[in-house]
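4 protein chains.
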Amino acid sequence: MKKIGMGLIGPGFVAMHHIDAVRRLGDVDVVAIAGSSAESSARKAKEYKVDRSYGDYRALIADPDIQVIHNTTPNHLHLPVSLAVLEAGKHLISDKPLALNSKEGKTLRDAALAAGVAHVVTFNYRGNPLVQQARGMVARGEAGNVNFVRGYYLQDWMTDPNVYSWRSDPAKGGVSSALGDIGSHWCDLAEHVSGLKIVQVLADLSTVIKTRYSAGASAEAFSTTAAGERTPVQVTAEDLASVLVRFDNGSKGTFSVAQVMPGHKNDVELEVSGLGFSLKWRQEEQNELWIGHHDRPNQVMMKDPGLVSPDARRYVHLPGGHQESWADAFKNLMMDAYAWIAEGGRPEDKPAMLPTFEDGYRSTCLVEAMLESAAKGGVWQDVAYVAGGMR
Amino acid sequence: MKKIGMGLIGPGFVAMHHIDAVRRLGDVDVVAIAGSSAESSARKAKEYKVDRSYGDYRALIADPDIQVIHNTTPNHLHLPVSLAVLEAGKHLISDKPLALNSKEGKTLRDAALAAGVAHVVTFNYRGNPLVQQARGMVARGEAGNVNFVRGYYLQDWMTDPNVYSWRSDPAKGGVSSALGDIGSHWCDLAEHVSGLKIVQVLADLSTVIKTRYSAGASAEAFSTTAAGERTPVQVTAEDLASVLVRFDNGSKGTFSVAQVMPGHKNDVELEVSGLGFSLKWRQEEQNELWIGHHDRPNQVMMKDPGLVSPDARRYVHLPGGHQESWADAFKNLMMDAYAWIAEGGRPEDKPAMLPTFEDGYRSTCLVEAMLESAAKGGVWQDVAYVAGGMR
Amino acid sequence: MKKIGMGLIGPGFVAMHHIDAVRRLGDVDVVAIAGSSAESSARKAKEYKVDRSYGDYRALIADPDIQVIHNTTPNHLHLPVSLAVLEAGKHLISDKPLALNSKEGKTLRDAALAAGVAHVVTFNYRGNPLVQQARGMVARGEAGNVNFVRGYYLQDWMTDPNVYSWRSDPAKGGVSSALGDIGSHWCDLAEHVSGLKIVQVLADLSTVIKTRYSAGASAEAFSTTAAGERTPVQVTAEDLASVLVRFDNGSKGTFSVAQVMPGHKNDVELEVSGLGFSLKWRQEEQNELWIGHHDRPNQVMMKDPGLVSPDARRYVHLPGGHQESWADAFKNLMMDAYAWIAEGGRPEDKPAMLPTFEDGYRSTCLVEAMLESAAKGGVWQDVAYVAGGMR
Amino acid sequence: MKKIGMGLIGPGFVAMHHIDAVRRLGDVDVVAIAGSSAESSARKAKEYKVDRSYGDYRALIADPDIQVIHNTTPNHLHLPVSLAVLEAGKHLISDKPLALNSKEGKTLRDAALAAGVAHVVTFNYRGNPLVQQARGMVARGEAGNVNFVRGYYLQDWMTDPNVYSWRSDPAKGGVSSALGDIGSHWCDLAEHVSGLKIVQVLADLSTVIKTRYSAGASAEAFSTTAAGERTPVQVTAEDLASVLVRFDNGSKGTFSVAQVMPGHKNDVELEVSGLGFSLKWRQEEQNELWIGHHDRPNQVMMKDPGLVSPDARRYVHLPGGHQESWADAFKNLMMDAYAWIAEGGRPEDKPAMLPTFEDGYRSTCLVEAMLESAAKGGVWQDVAYVAGGMR
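Chains as they are written, first to last, in this note's numbering: chain A, 27 to 417; chain B, 27 to 417; chain C, 27 to 417; chain D, 27 to 417.
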């Protein structure tokens with residue numbers, strides 16, 4: 027069987043999960059990885075059980091056995107690495123956020139469209155079957171007009187001041203922290219499920235932990251505290267934010283993000299409400315979709331191939347009660363991405379679920395509008411976004 | 027046994043629950059009720075199994091067997107009725123909101139202080155044992171500095187456009203609907219549990235259902251649709267709102283209220299978070315307090331006399347697992363109110379849990395600031411409130 | 027208003043809750059209580075805010091102002107006290123278990139029928155609106171033939187070996203402990219909701235804590251450990267049991283009871299299943315009824331006057347989301363009991379929900395069959411029960 | 027990188043999940059599959075993206091590129107296929123149940139020990155990190171002596187009488203249906219987590235649906251109803267059972283299994299209780315471990331590398347809140363299996379979590395004892411099992 031060759035640049039926290047997902051597809055060959063040095067790359071390649079490794083990402087891009095490249099580098103390297111891939115005319119899967127700001131985001135979106143390749147950004151929560159179920163129910167008008175979209179994305183891994191990574195460093199992680207890192211996920215989900223677009227935002231930002239203690243080497247996400255001497259670093263990026271949003275149909279929404287809320291591990295909640303019913307989905311209970319009714323009992327739809335709508339069924343791989351979760355949803359993203367790639371990556375063939383650089387660029391515009399709203403002291407701010415033609 | 031005489035003015039939806047609560051105290055005698063006419067009062071008195079009834083509230087106030095009066099009239103009658111009670115020097119328990127606006131609220135607060143009687147406003151969710159448990163844990167500093175307070179109060183009983191009551195009529199219910207009716211509860215809980223005061227607000231309001239159909243006679247709250255001819259009424263008061271708040275310690279908060287969200291019956295959620303832990307309490311699961319930790323398993327404290335702190339124990343009347351709920355929390359409010367009354371109602375004797383006209387007035391100031399913020403298009407608005415000396 | 031006079035014999039743990047419930051009815055006058063001595067009765071009467079007290083229960087029975095008597099004495103006194111009440115021709119509400127064994131139970135059932143008074147035994151969980159909702163759904167055949175009934179009743183208050191009360195003493199509590207105390211509740215619920223009768227049982231019993239330490243004076247239920255010298259007592263009654271049951275329609279069931287399972291406070295779960303749907307109700311989440319479906323989403327019906335069936339609505343007193351719990355369900359029992367009493371207590375007028383001495387006697391037969399099954403080493407045992415003519 | 031060659035015999039429902047799991051390991055090459063005919067095997071191989079296929083399983087066994095064979099054939103073929111693999115001296119991973127009865131089970135266990143290869147049976151729920159966490163906590167004595175083990179395994183996919191597969195046919199599925207299929211999983215979990223062995227059982231069996239309608243061709247598990255003509259088949263195997271068990275330390279247990287309970291998809295609950303605490307784990311909420319306490323708040327430990335014990339950490343692959351579920355637990359089994367294989371498959375190197383033919387044989391003994399108990403009308407039955415020397 028002819029396999030598609032895949033290479034990965036940036037072997038950090040999420041890299042192993044990219045590799046895991048594509049291995050499950052059966053017809054993808056993980057050819058090589060590239061890290062910051064030949065030594066570290068070789069070490070990671072062994073850990074990941076990958077045969078080839080490169081100390082320079084340009085060499086990986088040039089590898090003729092590789093047709094698809096995954097960019098999982100730190101945020102500040104997204105732009106140069108992704109541009110190099112696109113210039114080489116290879117298919118590209120970028121971790122989110124697509125770029126440090128909307129200018130970079132637009133550059134990448136435009137470059138991807140020009141390159142004519144498949145381009146994907148990992149808003150992976152879309153890959154959950156019940157997210158697709160919710161999206162379908164709303165799209166078919168079953169809930170009626172969407173009046174309100176609410177929720178949050180709360181974590182606690184930065185509760186400890188000894189947690190310090192490139193994500194808190196504006197030069198490497200971008201000027202935003204919590205909004206860019208997890209608020210972007212929430213907004214993507216909100217727009218994807220509701221079918222609406224956010225046109226105005228108003229944000230209130232806080233930096234709860236203003237001094238963090240760096241261990242020097244940049245820690246990976248979710249890593250626990252290492253021992254050793256530490257240097258205090260003043261943090262300016264937000265670790266807590268609440269945002270009001272207005273949608274293009276005139277409806278309202280609101281969400282909060284935080285990375286310093288004890289007890290919340292990866293707590294994403296999204297609720298979309300019309301007069302017909304409310305839909306609520308929590309990432310940590312991703313196999314259940316709550317359907318709230320006014321005049322009859324509420325419902326809990328379990329992820330079950332016999333219960334979901336036909337359009338969501340392709341994302342279900344096990345019977346009801348045999349739960350599917352983070353890695354399975356991530357795999358669904360890759361399943362659609364490689365199906366698109368296998369057909370050539372033409373815009374018109376893009377699977378509807380799949381988030382592209384269009385969505386990645388759009389996300390940078392949303393975060394930027396929020397930061398601007400906050401910088402102005404908390405005012406309503408229009409979202410500046412130039413559509414590029416992708417669905 | 028000498029019993030305290032109680033009278034009630036305004037036999038609507040909540041009146042029966044006032045009567046039920048004081049009957050449980052054992053030493054309160056429900057002497058009389060007064061409604062809008064002699065006939066309707068007599069009918070309601072029979073239904074409530076009360077011996078005496080009055081068609082004029084002034085007559086009830088004058089009844090020498092009555093020492094305590096409960097004001098459960100529609101909102102626009104709160105001011106005149108409460109003033110008449112205070113002028114008569116009788117103890118007064120008013121349903122919330124205390125008054126239609128902050129001017130009225132201040133008038134009543136000042137009158138209550140001047141009268142030297144016990145004055146209570148029914149922010150009844152305070153009466154839950156686990157609300158008091160949470161308040162104690164925060165007050166003792168166990169959670170650390172409170173960084174964030176979030177939550178919501180969502181209902182669905184106004185989802186049907188045929189629901190129309192005096193609450194939607196600005197002349198009778200006040201200019202605000204959802205914020206005044208249920209947002210006031212949330213804010214009171216948030217301040218009570220966090221020990222903080224809201225000093226600035228920013229609100230975004232919506233009227234999802236702009237035309238409602240009135241059956242003529244004013245329906246009680248939570249009543250189902252009656253048959254018959256109906257008149258369309260244009261509604262201007264909000265049935266949905268999201269609010270950002272800032273506290274006096276510089277911390278942030280946010281909440282949403284809605285009365286048109288299918289599936290949410292009386293869904294109050296409050297979360298108060300410090301770096302030590304997060305506390306989450308949901309009114310519909312009021313026998314559980316969620317305690318979120320970063321570095322050890324989360325906890326769920328059940329309402330159990332052996333588990334709660336000593337200061338919360340007096341609000342627990344049954345062993346763990348023998349759940350206590352709405353009526354029990356309401357009774358706890360009355361238990362403290364009548365204990366205060368029995369001791370004379372002096373300000374310095376007020377039980378710490380008990381909400382007074384000070385809190386009722388404060389609530390009108392908060393709602394007013396939110397409406398003003400929204401009227402200005404969504405700007406940060408200071409809360410104008412003149413403290414009166416009550417704890 | 028003419029009030030019904032009520033007296034209570036046995037002012038222990040549950041007595042206050044009997045008094046609380048009847049006070050809420052509005053037309054019942056708590057006239058007097060009787061305890062084990064004049065002094066203790068007077069003290070309890072003051073605590074309960076009751077005017078009259080007796081040191082001898084016969085004096086209370088003779089009080090002409092009393093028409094209804096509540097028997098909340100320790101189990102071994104149920105028989106003599108109840109017989110004395112019935113001989114006096116007064117209405118009688120007995121705490122469960124009705125008696126120490128089936129012989130006593132039959133004596134009391136027969137005496138109650140002969141006396142022609144109202145007779146009630148407090149299987150109080152029936153009073154939950156959603157228990158009545160479930161019963162109605164099954165009775166109307168909506169679930170199809172009931173194939174299986176399962177659940178448990180688990181507590182943890184006897185986990186501490188220093189907990190010792192008359193309940194563990196065969197002479198005072200009866201030969202059974204957990205089965206008689208809480209297993210009886212589960213069986214009553216199972217039969218009440220399923221509409222079936224248990225005809226055969228097979229039980230496996232354990233005494234997990236074989237030595238308990240008595241503080242001398244008999245502690246009340248759910249009481250915490252007191253200090254002081256303690257005497258070891260060998261316990262033979264079961265604190266853990268699992269039981270298989272067979273119903274009169276040939277269907278099967280099973281349940282476990284335990285009073286030494288950490289974390290379970292008063293954890294009653296009952297599930298009744300047909301091919302149409304399964305119904306699951308948990309006492310600690312008593313405002314929700316889970317309805318499990320094979321081919322459509324599961325449902326959660328909240329206790330809401332607009333959602334329950336008409337026959338269950340009379341047990342609902344608050345709108346949805348305004349939760350009702352232990353005390354409210356207990357009050358519902360008293361509401362039906364006193365309504366029956368007000369009409370004269372004739373058998374044909376008994377409200378369908380109300381458990382009588384017939385049910386109390388039946389319960390002693392079930393427990394006895396379980397003990398016999400266990401005593402024989404775990405064999406299937408027929409339930410010996412002589413129906414008496416009550417519904 | 028040298029990869030281990032894997033082949034699979036029996037491409038039914040679960041086969042794809044075996045292949046998915048081993049692909050994720052990175053160093054396993056899925057070489058070939060074998061089905062019932064050359065045509066069907068070729069079709070399935072294409073679907074699974076496997077290069078090689080065989081119409082005869084003996085040919086697959088002989089393939090020199092294959093070192094490990096997965097046996098996922100229908101139950102009645104487990105014996106001949108597994109024996110052939112063992113005779114060829116290849117490592118063997120068998121789906122559960124290991125065999126149709128204990129005689130076959132012992133034959134296979136003995137053959138596996140004699141062959142000196144790695145042998146694994148897929149009691150896959152062991153692979154959940156929180157199952158290992160629970161096992162570790164019990165093994166370290168933290169819960170105290172285990173007094174009680176309870177739970178259930180409930181499904182609803184056979185609620186429809188049109189569901190008929192080889193599982194209901196005694197000749198192909200074995201004499202037991204629900205007990206063999208899912209009761210075996212529960213017992214394995216119960217023994218694995220508690221560290222105890224079941225020595226006596228008493229079972230009550232039912233066949234709720236006595237007539238099923240076969241579509242002719244044998245349907246796969248969890249498949250929905252197909253159209254077309256159907257033949258009625260009388261079913262004798264149980265689809266519902268409740269069992270009492272006694273452990274080797276004298277403690278008790280009980281569980282129920284059913285495949286006809288609407289709303290329960292794959293609902294496995296296991297609770298293990300000592301006086302120290304109770305542990306409860308539900309498969310459908312597998313990222314949470316409930317820890318019930320008597321004298322302090324209950325806990326919910328989330329699957330989080332920072333919260334679980336060191337010995338359970340190797341089964342955690344994602345940060346807390348990034349849920350891991352069925353496929354991840356299955357992969358963990360394969361991870362340990364192939365790690366064992368890579369080291370040669372010697373008995374003394376077996377990872378402690380990994381279930382072997384010893385466990386598979388033991389399971390057939392347990393099921394057989396239950397069937398015998400039921401056949402005798404419900405009596406206590408000793409478990410006949412001959413230990414073979416594997417841990």
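Any given hint could be a false lead.
What the hints assert, rightly or not - Here are the simulated EDC-like pairs of lysine to aspartate or glutamate, each with C-alpha atoms no more than 20 Å apart in a straight line:
1) K75/C to D53/B
2) K402/B to D375/B
3) K29/A to D55/D
Rather than coming from a laboratory, the hints here were simulated on the basis of the structure.
A quick look at each hint next to the structure:
Straight-line distance between C-alpha atoms of K75/C and D53/B comes to about 7 Å, which keeps the hinted pair within the 20 Å bound. At most 20 Å may separate the alpha-carbon atoms for a hinted pair to count; K402/B and D375/B exceed this at roughly 42 Å. The straight-line distance between the Cα atoms of K29/A and D55/D is roughly 14 Å, inside the 20 Å bound, and the hint therefore holds.
Hint compliance for this structure: hint 2 alone is broken.
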